[in-house]
Amino acid sequence: MEINVRNLHPLEIRLLRDVTLDDVITRDKIIDDLGYNIGQCNQAFSWLEAKGFIEETERTKKTFYELTDYGRALREKGLSVIRMVDILKKGPLTLPEIAEKLSLEQSEVGSSFGSLTKNKIAKLNDERKAELISDSIPEDAILQKSILETKGDLIEESTLTLSEKSAIQALSKKRGASSSPYKISEREDVFYRLTELGNEAKKEIEKSRITGEEFGLLTPEMLSSGSWKEGSFRPYGVNSPTQRLIPGRFNPYGDYIKWVKDKLTSLGFEEFDGPLVENEFWNGDALFMPQFHSARDIHDVYYVKDPSHAKSIEEPWLSQVKKTHENGWKTGSRGWGYKFDHEFTRRQILRSQGTVLSAHQLTKAHIPGKYFGVVRCFRYDQVDATHGADFYQTEGIVLGEDVNLKNLLGLLKMFAEEIAGAEQVKYVPGYFPFTEPSIEVHIKHPVLGWFELGGSGIFRPEVTKALGVDVPVLAWGLGIDRMALMHLGLNDLRELFTPNIESIRTRRVN
Amino acid sequence: MPKIEVKEDLFYELYGKKASDDELVDIFPVAKAELDGHEDGTIKIELNDTNRPDLWSAAGVARALKTYETGKIPEYPFFSKKGDFKDHGGRRIVNDKSVVGIRDFSVGFAVRGKKVDDGLLRALIQAQEKLCWNFGRKRKTIAMGIYRSDLIKFPVHYAAVDPDKTKFVPLGMTEELSLREINEKHPKGREYGYIVKDFPLFPYLYDDNGDTLSNPPIINSARIGAVEVGDSDFFIEVSGPILDDLILAISILSCDMYDMGWEILPVKAELAKDTEYGREIVLPYYFQKPQRAKLSDVKKVLGEELSAAECIESLKRMGVEAHSDNEREIQIRVPEYRNDFLHPVDVIEDIMIGHGLGNFTPVMPSDFTVGRLSPEEENGRKVKDIMVGLGFQEMMYNYLGSKKEYIDNMHISPDDAVFISNPMSENYEVVRPSVLPSLLESESVSTGATYPHNIFEVGKATFKDASANSGTITINSLGFLSSDQVKTYNDAASIIQTLMYFLKKVYSLEEVKEDPRFIPGRAAYILNKSGERVGIFGETHPAVLTSWGSEMPTVMGEINLDALFKREEIKEEKKSERNEEILKDWREKVILKVSKIKNIERHPDGDKLYILVLDTGEDEDRVIVSSIVPFYREEELLGHNIVLVSNLKPANFRGVKSRGMLLAAQEEGDETHSTCEVIFADDIPVGTVLEYDGQEETVKVDTYLKAEKFFSMPMKTIDGTVTIEGIPVGKDGRHLRVKKYVNGIVG
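Read top to bottom, the protein sequences are chains A and B. The working numbering numbers the first residue of the first sequence as 1 and each following residue consecutively. The working numbering numbers the first residue of the second sequence as 511 and each following residue consecutively.
Everything labelled a hint here was simulated from the structure, so no lab data went into it. Note that the coordinates shown come from a computational prediction; the quantities given were computed from them, not determined experimentally. Warning: the hint list may mix true and false statements.
As the list claims (entries may be wrong) - Computed list of lysine-lysine pairs in DSSO-like fashion (alpha-carbon distance at most 27 Å, straight line): (1) B/K809 / A/K413; (2) A/K263 / B/K892; (3) A/K305 / B/K914; (4) A/K305 / B/K707; (5) B/K810 / A/K323; (6) B/K528 / A/K426; (7) B/K513 / A/K444; (8) A/K311 / B/K1076; (9) A/K305 / B/K1108; (10) B/K804 / A/K323; (11) B/K970 / A/K311; (12) A/K323 / A/K339; (13) B/K1015 / A/K258; (14) A/K426 / B/K810; (15) A/K258 / B/K892; (16) B/K596 / B/K663; (17) B/K826 / A/K305; (18) B/K1094 / B/K1159; (19) A/K413 / B/K810; (20) A/K258 / B/K1014; (21) A/K330 / B/K1014; (22) B/K607 / A/K339; (23) A/K62 / A/K101; (24) B/K799 / A/K330; (25) A/K323 / B/K650; (26) A/K118 / A/K183; (27) B/K809 / A/K330; (28) A/K258 / B/K799; (29) B/K974 / A/K311; (30) A/K339 / B/K707; (31) A/K465 / B/K810; (32) B/K809 / A/K465.
Given the sequences, and given the hints that come with them, work out the whole structure.
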């Protein structure tokens, strides 16, 4: 079997190099041999055991008595009981006097005196002073004294006699041992041995001349001192699991829209934008959609509750549009032949089509001029996988003295190729209330196949002339959402505006 | 868009031939139609032209296709025209004057000679529906009834009658109901009753025997109005307020039925009011006026030179008869079933379709124009770049939502929000007044996403603004939100600080006193240089988090980017005109050096004078004399860093040469020198030369600075910060600050 020892941690390598098949491997041995601390020992054991390089042979539990600081002080001063006997040999004293003379806590004097009375060595006389009955010292105390003075700082329980054991227990506590001479602790000793596999690894390590002394982290100190030259670096496992990072990111759909905008500006278009609240005038009337006609019902709109009407409509556009609707005004049209409603035209709605902004732009456009907007629109539709409550429309206009149908076809071809990457382009007659002629462009997309990329046309003179423009205006709109969905690997329009953070964080583009 | 369905057999019969679906897909566009489906013997067609009701029927589509392919214009000989009425054979419909103002006109025609089968009946009902629903605006302007003419005794009478006293058995029911009861009980009454319900009298149609035909625009009678498979002779009647629409509807339906094989029988309408066609008119009636188009306009619009003959030929394929008296203009006769030639461009479009779109070569527009993003987009991108760099995820949200999300959950008043009066559901009834609820919605649906959450959006928000023409304003806004186990005001303040630093925007903060969206005392308004509020941020109020179902501490903020960018652009322009001269002098001629006071002693000959020994970071110590004995004890100064005007021209103070001056602030207008606050700079290293924020690399003029010159460049403290011309002075983001004379002058 191939053992890749290069991925072993230095703690493992050094341990493997240290032991042989015959060794009983214990923590103490490794600490002695290699100077590991307990934590490093445990880590090395668990890693090596998991790899099958060492295996557990036995485990034993041991109890230890460890001298505390308080115990150390007692070793110096002597046990309180013995000191008390010594001082009482000079004559009876009250307990507070003893405490004062021996600099002991009252409570300690009390408990020591208790022990003396119990062993019938001292008693309280009639003057309520302590006096000795016998000058012997309690056996316990003798033992304790001897333990304190002769045994080391760490005593393993099995090295004590039974009576020593009971004597030391009186001086020990498991927890809160700071006022006791000894702290009791238990330790489990685990014994391991090197396995055959481990021995293979050991041989491999020796063969590869890996010492485990290789550098781990490169530190600034190593660079400043140059010590990095004095050794080699431990190789890392290049396939080890990585940590997940959550970066700051642009929204992928937003990125797509940004790309479209950049594309359009690169093609010479200037961006427009506008408010979400519009009125019937700009949303429909200015686009020569008759106020009370089926063409107006091409889509339904959301009405604003309050204020329900705009204060006014900009002149001269209002008068010119009104006359155009009623009788054609000077546009060459016969008009729609109805009485224009001034109340209706001020009614406020949420913008239902990007063309509204094209209409606004006509009143301030340069000739020649190319303009576009990627703008949010609202339609009165049931929300489902193919209809959002609100959505982006990409629209624009081209103004020029001599622009015509053939230019419109050229423009559509350019969009089809540049923005959609179309393989083939097909034009069919379309219908929009504000353009005549109207053209739809269908494209063959390399992934999506044939679909309608957009609608377009030449603005009706009833639209342009009424808004003060005397040159032809090409108007176009592109449906980019299908391509955006494909780009993002989605099939539900609602996903474009999902509030789900995880979904957006992990979204990748095709 | 209107959609129709037709039995394939009937369609092929009308079309005159069978065609494959592929052939239909190819030919349909000439009628602006699309094949929407073809299954179980039914062809589904979608019609795109909402101004061509003649195409919303199987017969209409078939006619357009057939004409296009054959170039043969169909003839409809049964039309009357002005001064030439066809024989109506005694069939009359008499409009009573009571209908005027209620539903002004009812006109009709009759047919005979073709037994109706299931497919035909459906096609007829569909044509009727499309005309009334789409073209007739849901029966408001056109309602149509088809009746069994063999049961009718002419003349038919059209009158407005008492809706409570007039009764008949409506189609689909067995009992007699009054017109008002029909509005309440009959499904069609409930659907269309609103059109007539507010009139005192309701329109009513009955024959000379007094038998009911219908109560337009609601429902036919159960007898005369019940048309069934096997019937062959009908009377068709339309009613509505606009006569031209009715005449066109009759024209369309009569052409369709003629194409289907019926004989058309004219009916005379005796109207209740004067019209441009007089008081009596025989229908079907040709009412269209001719239209024309100049050949020069054809070329201008289509970009292609077409001869008059080519135009006429193209129009013929569109079913439009045309002629030209010269090579300058085409005149057309509008087909009986159309009324959509409003302008010469409408003729030109028909020429385009007839000529074939494929015969026009795409050409790129040749005008040169400059592409440009809007300022809002440019600014938005700057902001987004910084936010992403700060580790934030950009989100995009819908702008339409519920009152619960945008108002209730935010614990704010609905007064400033823009509501929709006709919401489709309560989930979408408010335009969002702020980006913040959108971000909180993310929190409510993303509790499973690894924290921290750092999200933002640059998008639009709309709210009321009485000063605007629309009474509302749409702003471009940055909203951000950050949530985790521990999130505090300071986290948000750091974000704002960083953002503003890189956007180069000077701002200040003002505690928010009351905003239910934030924890009181832990939110601030962001003020621009003019002191206007352009944003807000802070710790989200737990009540708001609870409403959203979020259990994670959250900070959030929002900045009106329009206000942030627009206002300051103007201000900065002004400022730069005013400041440039002084700033240039200051940065070139004044050397302010942070120095440490190493030694201090009283001047032997001056009560108010200290002699200070300074470590300026140069090799040699510097001695200056300063008259600040009345204000500071030695120990208050010794060991501190002060700011030395280090190139000030040396001057003698009672025998001691002072090489420089320390900066101190005083109250503005203090003529008696009774106020003085030494400007300490203990957090700036000794030897540092100070500059104003955003100062460009400058080579200092290597000469002494005269005191008058120095004082001609007034430095001031603004809200505790030492400034020159309003710009903070310091180094690497550490500004000189004072505690006492926070809005004073420096000298």
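Do the hints match the structure? See the list:
Taking the CA atoms of B/K809 and A/K413, the gap is about 21 Å. The hint holds against a cut of 27 Å. Between A/K263 and B/K892 the alpha-carbon distance is near 19 Å, which keeps this suggested pair within the 27 Å criterion. For the proposed pair A/K305 and B/K914, the alpha carbon gap of about 17 Å is at most 27 Å, so the pair holds. As the CA atoms of A/K305 and B/K707 are separated by approximately 26 Å, the hinted pair is consistent with the 27 Å bound.
A threshold of 27 Å between alpha carbons decides the hint, and for B/K810 with A/K323 the separation of about 25 Å falls inside it, so the pair holds. Taking the CA atoms of B/K528 and A/K426, the gap is about 25 Å. The hint holds against a cut of 27 Å. Straight-line distance between C-alpha atoms of B/K513 and A/K444 comes to about 25 Å, which keeps the hinted pair within the 27 Å bound. Our distance criterion of 27 Å between C-alpha atoms is met by A/K311 and B/K1076, whose separation comes to about 25 Å.
As the CA atoms of A/K305 and B/K1108 are separated by approximately 74 Å, the hinted pair breaks the 27 Å bound. Only pairs whose Cα atoms come within 27 Å are accepted, and B/K804 paired with A/K323 is accepted, the gap being roughly 24 Å. Proximity of B/K970 to A/K311 is assessed by CA-CA distance (about 23 Å); at most 27 Å being required, the pair is judged to hold. Of the supplied pair hints, the one linking A/K323 and A/K339 holds, its CA atoms being roughly 9 Å apart against a limit of 27 Å.
This hinted pair checks out: B/K1015 and A/K258 have alpha carbons roughly 25 Å apart, not beyond 27 Å. For the suggested pair A/K426 and B/K810, the alpha carbons sit about 23 Å apart, so the restraint of at most 27 Å is met. For the hint pairing A/K258 with B/K892, the CA-to-CA distance comes to about 13 Å; that is within 27 Å, so the pair holds. Note on B/K596 and B/K663: the hinted pairing holds, with a Cα-Cα distance of about 20 Å set against a maximum of 27 Å.
A threshold of 27 Å between alpha carbons decides the hint, and for B/K826 with A/K305 the separation of about 50 Å lies outside it, so the pair is violated. Only pairs whose Cα atoms come within 27 Å are accepted, and B/K1094 paired with B/K1159 is accepted, the gap being roughly 20 Å. Distance hint between A/K413 and B/K810 is fulfilled; the C-alpha atoms sit about 20 Å from each other, no more than 27 Å. The hinted pair formed by A/K258 and B/K1014 meets the criterion: a straight-line CA distance of about 24 Å does not exceed 27 Å.
Of the supplied pair hints, the one linking A/K330 and B/K1014 is violated, its CA atoms being roughly 52 Å apart against a limit of 27 Å. A hinted pair counts as satisfied when its Cα atoms are at most 27 Å apart, and B/K607 with A/K339 qualifies at roughly 24 Å. Distance hint between A/K62 and A/K101 is unfulfilled; the C-alpha atoms sit about 41 Å from each other, more than 27 Å. For the hint linking B/K799 to A/K330, the alpha-carbon distance of about 19 Å falls within 27 Å, and the restraint holds.
At most 27 Å may separate the alpha-carbon atoms for a hinted pair to count; A/K323 and B/K650 meet this at roughly 25 Å. Of the pairs offered as hints, the one joining A/K118 and A/K183 holds, with about 26 Å between alpha carbons and a cut-off of 27 Å not exceeded. A C-alpha spacing of about 21 Å is found between B/K809 and A/K330, which places the hinted pair at or below 27 Å, so the restraint holds. Of the supplied pair hints, the one linking A/K258 and B/K799 is violated, its CA atoms being roughly 50 Å apart against a limit of 27 Å.
Restraint check for B/K974 and A/K311: satisfied, since their Cα atoms lie roughly 13 Å apart, inside the 27 Å limit. With a CA separation close to 24 Å, the supplied pair A/K339 and B/K707 stays within the 27 Å bound. Taking the CA atoms of A/K465 and B/K810, the gap is about 16 Å. The hint holds against a cut of 27 Å. The straight-line distance between the Cα atoms of B/K809 and A/K465 is roughly 19 Å, inside the 27 Å bound, and the hint therefore holds.
In this structure, the earlier hints numbered 9, 17, 21, 23 and 28 are contradicted, and the remaining ones agree with it.
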